[in-house]
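> Given next are the chains, with one letter for each unit.
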Amino acid sequence: MRIAVQSAPFDIGTEAAAFAQAAAEAGAVVTFTGIVRDLSGGLSAMEIEHYPGMTERAIRDIALQAMSRWNLIDALVIHRHGRLRVAEPIMMVATAAAHRANAFEAAEFLMDYLKSRAPFWKKEITASGAEWVAATEQDEAALTRW
Amino acid sequence: MIDVLYFAWVRERIGLPRERIETSAATVADLVAELSAREDRYAAAFADLSSLRVALDQDLSDFSAPLAGVREVAFFPPMTGG
Chain A
1 MRIAVQSAPF DIGTEAAAFA QAAAEAGAVV TFTGIVRDLS GGLSAMEIEH YPGMTERAIR
61 DIALQAMSRW NLIDALVIHR HGRLRVAEPI MMVATAAAHR ANAFEAAEFL MDYLKSRAPF
121 WKKEITASGA EWVAATEQDE AALTRW
Chain B
1 MIDVLYFAWV RERIGLPRER IETSAATVAD LVAELSARED RYAAAFADLS SLRVALDQDL
61 SDFSAPLAGV REVAFFPPMT GG
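Each protein sequence line maps, in turn, to chains A and B. Okay, so the first sequence: first residue is 1 according to our numbering, each after it adds one. Okay, so the second sequence: first residue is 1 according to our numbering, each after it adds one.
No wet-lab data here; the hints were simulated from the structure. Glycine included, C-beta positions come from ideal geometry on N, C-alpha and C. Where hints are given, some of them may not hold.
Selected chain B positions facing chain A (in silico; Cβ < 10 angstroms) [what the hints assert, rightly or not]: (1) Ile2; (2) Asp57; (3) Phe76.
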């Protein structure tokens, strides 16, 4: 299991290949990547603030839960902070399991929990100013299914 | 002495990322009341507790939690990771 909280960019392909290779006995590897998107058409950057120390701890706790609940062979979480440009990867999760159902479900669980239980805060920077992204009720509701 | 940390718009509204304070507050809610009484910027940041979250020693907690033995309190809005 690897948790990386970093400002540096990462390469999805390199990370996914290394993860799959290390989890040699896995029959299924699922990866998810979150990308900075420009829905309004005016986004110039995304600033991600985090709580050093608690971030790593919260992600580790979430990943350990996923490992045991879905009997994962391995799990990877990379999450960036700092200033990101449009189209840059923000974060990725990867799960390795014997069969695909567990790998998919565990990845969804990780995503749902990272969204509202890992201490990150996104701020959208546009030409007209900067605005904190608000958490949604759907984010919170997504946790109830687990 | 207790370290109090602020993140995202809470940090911006209060105007500092962290401070060390001397307090005899028994619970998080008591600490919030004490800070709010200090200055308007604190009162503004803590006006609506339903829009805030609190962590005690880096674990999510709630406003009724006791502060005994706690070294670090953090206030922040609901998280938006992922």
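> For each hint, tell me whether it holds in the structure or not.
Hint check:
no.	hint	in the structure
1	Ile2	violated, 16 angstroms
2	Asp57	holds, 9 angstroms
3	Phe76	holds, 7 angstroms
Hint compliance for this structure: hint 1 alone is broken.
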